[in-house]
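Peer 1: Each chain, written out:
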Amino acid sequence: MSFVRNILSGDVDFNKRLNGSNFTGFVHSAFKRTFNIQCFDSGELYTIACRSIDNAPNTLIVDTENTSQWNIEVNDRVFVEDKILYISNKLALNISQAITWESLLPPYPSNEEILLHNVRWAREYIDCQGKGGGIKKCSKPLNPFEAETCKMLEQRTKSLLNNLAMNRIDLAIKHAVSLVGLGPGLTPSGDDFLTGLFTTLHMEHSPLYEHRSFCEKVTKKAKSFTNDISYSALEQASIGKVRESIISFVNSLLIENEDDLILSLNKVLDIGSSSGTDLALGLVCGLEANIKAGGKPC
Amino acid sequence: MLVQALIKPNTYFDSVSLMSLSTKANQIDGVEQAIIAMGTEMNKEVMKNVGLLTPEVEAAGTSDLIIVVKAETDELCETAFSKINDLFTKKDSGKKGKSDVKYSTISAAAENNQDANLAIIAVNGAYAAREARKALENDLHVMMFSDNVSIEDEIQLKNLAHEKGLLMMGPDCGTAIIGNTALCFANAVRKGNIGIVAASGTGSQEVSVRIHEFGGGISQLIGTGGRDMKEEVGGIMMLDGIQALEDDEETKVIVLVSKPPASSVEEKVLAKIKLCKKPVVVWFVGGDEEKITAAGAHFAKMSKEAALKAVLLAGADESKLNKRALNIPLIEEVRTKLTAEQKYIRGLFSGGTLADEAMHAAMEKFDNVYSNIQRNPEFRLKDRYTSQEHTFIDFGDDEYTQGKPHPMIDPSTRLERFIQEAKDPSVGVIVMDFVLGYGAHEDPVGAFLPAIIEAKQQAEQEGRHLEIIGYVLGTELDPQDYDEQINKLLAADVTHASSMQNAGLLAREFVVKGE
Amino acid sequence: MSKINELFKSMPHVVNVGIESFKDDLLQQGAQVIHLDWTPPGRGNPALIAALDKLENPAIMQKIEEANKLAVERIINSQPVLIGYDQAINCVPGMTKTTILHAGPPITWDKMNGPMQGAVTGALVFEGLAKDLEEAAELAASGEITFSPCHEHNCVGSMAGVTSASMFMHIVENKTYGNIAYTNLSEQLAKILRMGANDQSVIDRLVWMRDVFGPILRDAMKLNSNGIDLRLMLAQALHMGDECHNRNVAGTTLLIQALAPYILQTDYTIEQKKEVLDFVASSDYFSGPTWMAMAKCALDAAHGIENSTIVTTMARNGVEFGIRVSGMAGNTWFTGPAQKVIGPMFAGYKPEDSGLDIGDSAITETYGFGGFAMATAPAIVALVGGTVEEAIGFTTQMKEITTEQNPNVTIPLLDFMGIPTGIDVRKVVQTGIMPIINTAIAHKEAGIGMIGAGITHPPVEAFEKAMLTLSENIH
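If you read the protein sequences in the order shown, they are chains B, H and F.
Add 239 to the 1-based position in the first sequence for our numbering, that's all there is to it.
Add 20 to the 1-based position in the second sequence for our numbering, that's all there is to it.
Add 913 to the 1-based position in the third sequence for our numbering, that's all there is to it.
Check each hint, because a few of them may be wrong.
Label pairs and their in silico Cβ distance ranges [claimed, not checked]: (1) F:E986 / B:E341: 43 to 49 Å; (2) F:Q1149 / H:I175: 53 to 59 Å; (3) B:C377 / F:E1303: 36 to 42 Å; (4) F:A960 / H:F108: 51 to 57 Å; (5) B:K459 / F:P1257: 41 to 47 Å; (6) H:P470 / B:N496: 23 to 29 Å; (7) B:N496 / F:L940: 33 to 39 Å; (8) F:Q1149 / H:N168: 27 to 33 Å.
Calculated from the structure, these hints are not laboratory results.
We put the beta carbon where it would ideally sit given N, CA and C, even for glycine.
Let the sequences and hints guide you as you build the complete structure.
Peer 2: Written as structure tokens, this is what we have:
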């Protein structure tokens, strides 16, 4: 007998992939609240996450508190039969009742006033509440390595943003690539920052929207510079697909509701260790670059 | 120094675990530096920059976990690696002892833990009274942090506690120190022989840190909740608190802190003081000196004065105390910097009693002092977003928190207002408190620093001097770094006041014109 | 010295309710802290809080506490003894040839789910009241058959609980209070009537049970004049690693060991006796119904005590979950929707194949074993998510919604703590903790049978309705 659990919700593409053909793969990596599976055919990574994690591209949410209880191990076989996703003989996940989720970004507003105010507010809030050590400077670096990392992140993000705001896309690509794989954590800070930044370029009607191919160009060059898990998120972000908490945050940046803004920003800041802060700063910087590129003082 | 590396191929740990591992690895004895990171090209570049690149690191792939240790000797490196390996293999489970048993009700927790003696209730006000009642029925003393509890419930709970001989601190009680343990929002202070009963949280925090600074210590600090001294409640907890301190062997001096009580309650309290054998110092913000001295108590007009009287009564040698007198030359200097238009004080406070004290200091010299906590409705702020002449705001008041955490935890609302006030050319001085201690923000000054620096620069460009007084309420024993907080203020050219009393008086004196 | 001055002399040992960071600050200072796993009582519903408050009025509370003490005493002191076996028509009160008893609260034919309808039609064919399943379905719908809950006839029935006139029943007598409880015999596993299966193999087995199995057990027990003390045997089985709802390995061994000498002395052929022993050996479940009757016998003795808020029945008919409370005498049911059962399944079945929670077997949890005694059955922790710690957690958590621990039935692993006994409606509503129930999973359609096992909880509505009614009725 294996454990049976329901999938609560899942990303639209992943769902299609599972329902469409005979999906096979293996477990790529396993954590307390998530595990990743790699598809045999495409090599793409998919994530199975517990209830407390938000929806994300290529991710299924399972009705459980944690995923470590099933002793899922790396290289466990994964296959689909009859709308059930099997992980070896350990776990059977019922896909049929899953609610479909799709990553949809709102369009860039025609009137930037609220956005401008909210972006400023968010930056202040992140300065107070965000976690240092990545894009946000650490007040007390643990060691010279950390200090150097912060310094390099700061220089490179600055160069990237300057070039982006001045429409020097080729230079921007170069600096963006130099961020990939830089920094502490499973998803290096540089990657998280780019994920946030990419998001803003995919908001329709945004001043930098026409340059969104920038993202894919960066990602293409970055493949060998970071690990599979982080690359997978970056790749999705480069086509405008990001996790639910980021989308909620973007949505609340467009309206006048401070409570929403605090809640949704806190959700983002809670991701990983410094990842959330890096993501949020990437987003804020991206929006600032958009506002600048649109000709408004920021 | 030796640099050694260990590569774990294709190993993924979530970021939170990596961070905590990294922090712990750097704390291992004998380790100069320890780094745990994914082996990306960029991370390798960083290691190269700081001289930590070994051939093994260079060969590592993007999916490999790199552990690099820098230490004096081979041996130290080896031990460090084995300790780091232990950290990796240590699982969460296996330590679930009895202490991890979960309880859902106060009764179950109390029945299974006979030593439990106090309940802290910090739930939505709609449910708080019920939980407090359960606690009292289980013979637990209660500290009720929740507010929005009806006054009927408060009276009933306090009567029940009184009958059972238990403490009923609150509702809306944020500060207490019992058995040298700070509860909710309180500062880490020395143990000593001065007992405090307080109907105001930050007022009692202020008195306790001043006593600590004068070299004295606190036996117990009992909070009563803000409504205890109202007519309806009748000071039940205040009276029981005084009695308990009177009976406490360790307490030599009693200090009472409150806003002015209802007159019937004041009578009861003063009658109680008359019966006390121990000296009692009374600081009722804006209280009546005559009545209080007639009762045989020691009257204090302000917080520092209350603390000073208490430590002297407790046996301190006055000649050895640094009373931190007002800096008169500084007052002269600031006055010359301010223009004639810069007339007004703007006090932005996270602590209610702190706001009250500063406001009362100003009211002694000015008759145009407005606030959201003014007792005279004529001087209440018409619009909470707009200041009028001299304005003092308690940001802990409900109308400013609006569902957000208290300003001692979440600085955002006050920060916004600060930026606004700093732009007003009629402002002579902005005075603010930064409260440290348990429960409070981990870096309250740091949260304001960028805004302060920017505001000062802005004012300078406009050709005016922006005077800011900052007061850090805390002790060197608090979980935050007290000295660092003050240094941050000084570095930003903020005038640091040594007490709330001084902060209030300095603010007032800075804007006095033509004296 | 006053209590306040006592507090001053000791370190605070704090029960922290609400904001968790206060706990961390206290721990940092070296104080002892218990952080409550707190949720608003009655899910924050003002009517329920008012009801709880009303029952906490000291005078009323004293009445309730006294009544509950009595009810729990009666559960604990009951000594159920298996005294014999006989056909339902001969012993069950109110049984007629056209009566079908079923599990859970009352339900009409048209509302029954697949497994229960399957069992009913199978039983009608077995009784010879219909020639095939189709005719049986017509008969069932015709109004000529009397449907009634087992619980209202001193019976319990596992899964669909379908009990008809000629089926053999356990007869369990309460030696302390004199009442009697009944339940039918295990059909073992897995394609069986109680799970909704009803093909010829199922009917044939029922016939053999009526003609051979039942009579042998009946005649064997006639030779045992002392009967079999089931409470004692239950306690032994728990010490041997059964929780006696989903795991019955030890209990079945003990029971057949007690029956075997008398079976040998009956006048049937060696072959028939061997058939009986082989049948018992074919599944561990043989003693499952026995423990249900044992629990029913004890709980019936505690039913109908004025002012008591102790739960005496938890039962499901596959559509609704119903409870009965001691203070509401007779057959007052409080119901809510039956829940899903979550757990491992037999290969080839999927969660959507599952019928909803069904059966009177939750009587075992009502008494205090089954899910309540998970800590004593580490072998089946897979049902609850996988770890022994979790299993222990379930048992200790049940202490929070019960009144007493039964000293007669204990759990070695928890320092011989007695099983949590006497579910109190007030405590369930107050804490939001739902009783945990171990159970089997039947296929949602008629005719298939058991497809897995797992755990479930009652719907909170049943307890909330009971709470409101109790607060109106206790003065």
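Peer 1: Does each hint fit the structure? Answer for all of them.
Peer 2: Hint check results:
Taken as a hint, the range 43 to 49 Å is violated for the pair F:E986 and B:E341, whose Cβ atoms sit roughly 60 Å apart. Remark: the range hint 53 to 59 Å for F:Q1149 to H:I175 is upheld by a beta-carbon distance near 56 Å. About 39 Å separates the C-beta atoms of B:C377 and F:E1303, a value consistent with the hinted range of 36 to 42 Å. The hinted range of 51 to 57 Å is satisfied by F:A960 and H:F108, whose Cβ atoms lie roughly 53 Å apart.
For B:K459 and F:P1257, the hinted distance range of 41 to 47 Å is satisfied, since their beta carbons lie about 45 Å from each other. With their beta carbons about 25 Å apart, H:P470 and B:N496 fall inside the hinted range of 23 to 29 Å. At roughly 36 Å, the beta-carbon separation of B:N496 and F:L940 lies within the given 33 to 39 Å, and the hint holds. Between F:Q1149 and H:N168 the CB atoms are about 55 Å apart, so this pair departs from the stated range of 27 to 33 Å.
Against the hints set out earlier in the document, violations occur for numbers 1 and 8.
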